[in-house]
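Given these sequences and hints, build the entire structure.
Protein sequences appear in the order of chains A and B. Oh and the first sequence: position 25 is 25 in our numbering, straight run, nothing missing. Oh and the second sequence: position 575 is 1575 in our numbering, straight run, nothing missing.
Hints in this document: simulated from the structure, not taken from any laboratory. Take the hints with a grain of salt, since some may be wrong.
What the hints assert, rightly or not - When the alpha-carbon atoms are kept at most 20 Å apart in a straight line, the in silico SDA-like pairs for lysine to any residue are as follows:
1) Lys88/A to Arg1437/B
2) Lys23/A to Cys1568/B
3) Lys23/A to Asn1341/B
4) Lys1368/B to Gly1410/B
5) Lys23/A to Ser1363/B
What the hints assert, rightly or not - Interface residues of chain A toward chain B, partial, derived using beta-carbon atoms under 7 Å:
6) Gly16
7) Pro75
8) Leu81
9) Thr82
10) Ala85
11) Lys88
12) Asn89
13) Leu93
14) Leu95
15) Glu98
16) Tyr100
17) Arg103
18) Cys110
19) Leu111
20) Thr112
For glycine and all other residues, C-beta sits at the position ideal for the given N, C-alpha and C.
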Amino acid sequence: MPKEAHVMALILNTLGVEEYDPKVLPMLMEFAHRYMTDVFQDAQLYADHAGKRDVDLDDVQLAIQGIVNNSFTGPPPREFLTELAAEKNSAPLPLIPERYGIRLPPEQYCLTGANYQIVPEPPSTEGTRPAAGSSMSATR
Amino acid sequence: MASSNATAATAAAATLADSAHLAGGESSASQEQLDRIVLGYLKRKGYRLAEDAFKREARLQTLGELSCELQPGADASIPNYVLYYSQTEQGEPGVYRRSFDGLRRWLDTSLDMYRPELRATLFPVFAHVYLEMLSKGLAEEAREFMQANRADLEDEHPAEMQKLGAITLPQHLQESEFAQMLLAEKYNLRMTGVALRLLVSFLLDQKHMLLLRVVSQRLNIQVAGDHADSTGADIGVVGQTGMQMDGLNQQPVQLAKSATNAAFREEVERALQQHDATLKDSWREVRRCTIRSYRRGLLTPLPIRTTFDVKQEVERIKDLAKQIALGPGALPSICCYTVHNTNDSLNCMAFSDDLSTMACGFSESYVKLWSLTGQPLRDLERARETTDAHCRKLIGHSGPVFGASFSPDGRFLVTASEDSTARLWSLDTYSNVVCYRGHNYPVWDVEFGPYGTYFATASHDRTARLWSCEHPYPLRVFAGHLSDVDCLRFHPNSRYLLTGSSDQTVRMWDVQHGQCVRIFKDHCAPVTALATSMDGRLAASAGADKIIRLWDLGSGNLIKRLHGHEACVYSLSFNAEGNILCSGGADNVVRVWDVVRENELRVPQRPSRLSGKGGPRSAVWSARSKAQSALTQQTILCSADLLGSFPTKSTPIYRVQFTRRNLAVVGGAFMPHA
Chain A
1 MPKEAHVMAL ILNTLGVEEY DPKVLPMLME FAHRYMTDVF QDAQLYADHA
51 GKRDVDLDDV QLAIQGIVNN SFTGPPPREF LTELAAEKNS APLPLIPERY
101 GIRLPPEQYC LTGANYQIVP EPPSTEGTRP AAGSSMSATR
Chain B
1001 MASSNATAAT AAAATLADSA HLAGGESSAS QEQLDRIVLG YLKRKGYRLA
1051 EDAFKREARL QTLGELSCEL QPGADASIPN YVLYYSQTEQ GEPGVYRRSF
1101 DGLRRWLDTS LDMYRPELRA TLFPVFAHVY LEMLSKGLAE EAREFMQANR
1151 ADLEDEHPAE MQKLGAITLP QHLQESEFAQ MLLAEKYNLR MTGVALRLLV
1201 SFLLDQKHML LLRVVSQRLN IQVAGDHADS TGADIGVVGQ TGMQMDGLNQ
1251 QPVQLAKSAT NAAFREEVER ALQQHDATLK DSWREVRRCT IRSYRRGLLT
1301 PLPIRTTFDV KQEVERIKDL AKQIALGPGA LPSICCYTVH NTNDSLNCMA
1351 FSDDLSTMAC GFSESYVKLW SLTGQPLRDL ERARETTDAH CRKLIGHSGP
1401 VFGASFSPDG RFLVTASEDS TARLWSLDTY SNVVCYRGHN YPVWDVEFGP
1451 YGTYFATASH DRTARLWSCE HPYPLRVFAG HLSDVDCLRF HPNSRYLLTG
1501 SSDQTVRMWD VQHGQCVRIF KDHCAPVTAL ATSMDGRLAA SAGADKIIRL
1551 WDLGSGNLIK RLHGHEACVY SLSFNAEGNI LCSGGADNVV RVWDVVRENE
1601 LRVPQRPSRL SGKGGPRSAV WSARSKAQSA LTQQTILCSA DLLGSFPTKS
1651 TPIYRVQFTR RNLAVVGGAF MPHA
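Right under this line is the structure:
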């Protein structure tokens, strides 16, 4: 087992995860690698922008902030969700109209539109003549 | 070698001490001085072990060690921290609010695995912080504090929050029985070691010394081994056990099926007359167990019945006549569908009600349909083309497909995916008809309602949502779970929805009002499978803790626990009469359970390894305490109501479903090397 994988296994162990699919380790390592690369690339960009020669701690911190704010967003807090739910649930359920046939939302929300594809014009295959452009020049 | 050396050294030290004692006389050399002399001697001679032993024995501390221990920056002990910080914190009133909010925020973002355990600390900490604010005379702040947190905690502790809310003045503290009880007794909690460490290190890191003091003084946290299992231990203040959920779980619910309207009944009766007059009796039987009237306005609007429904109803009644009676003596036939060469990318399976089609959702973002009848899957749009396709691929999702469900009439399929959408597929044209957006995070499960038209989704955003096929937006949002909602099932009368979550609870929601009407708490791991019985009285839930739990929906009580599975349970299903439960999971075994029988643990049913020494060993096993043996993995006991175990070769069971004729259909993906 490579050293990084071992470290990852230890991290999992300290968090109380003792059983996991063997595929989890490579996945986490891949993630860690990508995350580190992203952070350092961003940090490099920030450093370049600030006109610094070397990446320093501030750049890395800024890069981490930028990434965390964008990609590790958890679900909205519970209060917000309960508020949203209360608002939504205050309206009674809409009655189901007495009509027959299948029930679907209005046309614009459906994917039922005519399904067509543009058939590309088949390349002319008359005999052994070359393609149109060259034949034009040949006739000229 | 080392130990013999050490004993020799201690012997030497003892003689030396004796001699020093004799020589020095008792008055001049105090005991402590003497100890130091001995220590110096041992150090000079290089008797390290003996020196350590002596230090321990004599409890000698050098000044350096002493100062190091008292210094808060180093690894000082918790009491010292509390001593230092409680002084500074008590000055201002805002600190209570601030530190409690900090704790709550941290709990909300904590690891899923430990959140339920950690969250259990929230109520006692809140109660004690509140009482402390009152006792300090901060009545106004306490009121605001209560207002801010009441809604959050009321779900789980309605009765207690009400009692606490009644205490608003310092004088009430003496009068309120509840407050006195809280202050007199420690609040019992159970937690795993890791969770406790996380909590303490958070409180230390953030310097929430006030909360740390509350935790250490007021809570009695027992560290459990593997799982924080709520069974067997008293949670909460002594004498208050089990009272927590009462307020919520006593709300009235109507579990019977709603009566069908008269016109529809007539239609069905006429149709039955044409088929077979004897069927009418069984139809009456079905109708007998429905109730006639509901309070107006409570009913979920249901679609009107069409001639198609009449046809369906007739089919249903015919099936009823052909239904095989199951019981402990008559186990169901089980039909297993195995999917090969999936490369571990199969996520979910579903069977249509008439067992003509099977749908499988894959990680590669597509859904595959298989015909189970041998009839090719005909496409209405291309009806003239004679295809003999027994398998069709539905492409449309842009992420792994986690859930699929057929509509009761078998004309639609709804699927849920990581791309946070649910999609409706027409099975007449095998095309995607509607894409329902509303969740912002992966959707884990989806199910069609028992009357069609409605379906519900469960998502990572900690909500479940109700949709109607006719509306592109959700009609109801069921918010309240503390973590991902992993699975859901409709109640057979379509008025309630059951959801199982990673926060280790099962909740039942009123569809019309969107409120939670029941919370079922007993699991000690995420809930991954749910089932409701056709009569609407029972529900079964199971999850990563391998134990199936049977619930009485009316009273909200746990009926029994079914032990026997050796890995996570993926799917559950009741038979039509509701006396047999079928389960399947990651341990590659389909198990059949007796729902009715009272159970007690019995000796293991796996004789393969143990049969040689059956007698004495099993006696020891059954003598063990129930909770303990259930938790240790090697000694999985089966409860007495396990009627049969049917192992597959190497196929985890993803889906278990009873047909109306009481045939059990199960399905899974073959795992070659697992």
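Evaluated hints:
A distance of roughly 16 Å separates the Cα atoms of Lys88/A and Arg1437/B; the hinted pair therefore holds under the 20 Å criterion. Taken as a hint, the Lys23/A and Cys1568/B pair is honoured in the structure, with Cα atoms around 18 Å apart against an allowance of 20 Å. Between Lys23/A and Asn1341/B the alpha-carbon distance is near 18 Å, which keeps this suggested pair within the 20 Å criterion. Among the hinted pairs, Lys1368/B with Gly1410/B is consistent with the structure: their alpha-carbon atoms are about 16 Å apart, no more than 20 Å.
Restraint check: the Cα-Cα separation between Lys23/A and Ser1363/B comes to about 15 Å, which is no more than 20 Å; the hinted pair holds. Because the closest C-beta pair between Gly16/A and chain B is about 4 Å apart, less than 7 Å, the hint holds. Proximity of Pro75/A to chain B holds as hinted, the smallest CB-CB distance being about 4 Å (cut-off 7 Å). Because the smallest distance between the Cβ of Leu81/A and any Cβ of chain B comes to about 4 Å, under 7 Å, the interface hint for this residue holds.
Evaluation of the Thr82/A hint against chain B yields a held restraint, the C-beta minimum of about 5 Å falling below 7 Å. Taking 7 Å as the C-beta contact cut-off toward chain B, the hint placing Ala85/A at the interface holds, the least distance being around 4 Å. Checking Lys88/A against chain B by beta carbon gives a least distance of about 5 Å; that is within 7 Å, so the hint holds. The interface hint given for Asn89/A holds, since its Cβ lies 3 Å from the closest Cβ of chain B, which is under the 7 Å cut-off.
Because the closest C-beta pair between Leu93/A and chain B is about 6 Å apart, less than 7 Å, the hint holds. Taking 7 Å as the C-beta cut-off, the interface hint given for Leu95/A holds, the closest approach to chain B being about 5 Å. The beta carbon of Glu98/A is positioned within 7 Å of a beta carbon in chain B (closest approach about 5 Å), and the interface hint is therefore held. Annotation: interface hint on Tyr100/A holds; nearest CB of chain B at approximately 6 Å, less than 7 Å.
Hint status for Arg103/A: holds, given a least beta-carbon distance of 5 Å to chain B, under 7 Å. Contact between Cys110/A and chain B, as hinted, is supported at the beta carbon level, the nearest pair being about 5 Å apart and thus within 7 Å. Of the supplied interface hints, the one on Leu111/A holds, with its beta-carbon coming within about 5 Å of a beta-carbon of chain B, less than 7 Å. Among the interface hints, the one on Thr112/A holds; its C-beta lies about 6 Å from the nearest C-beta in chain B, closer than the 7 Å criterion.
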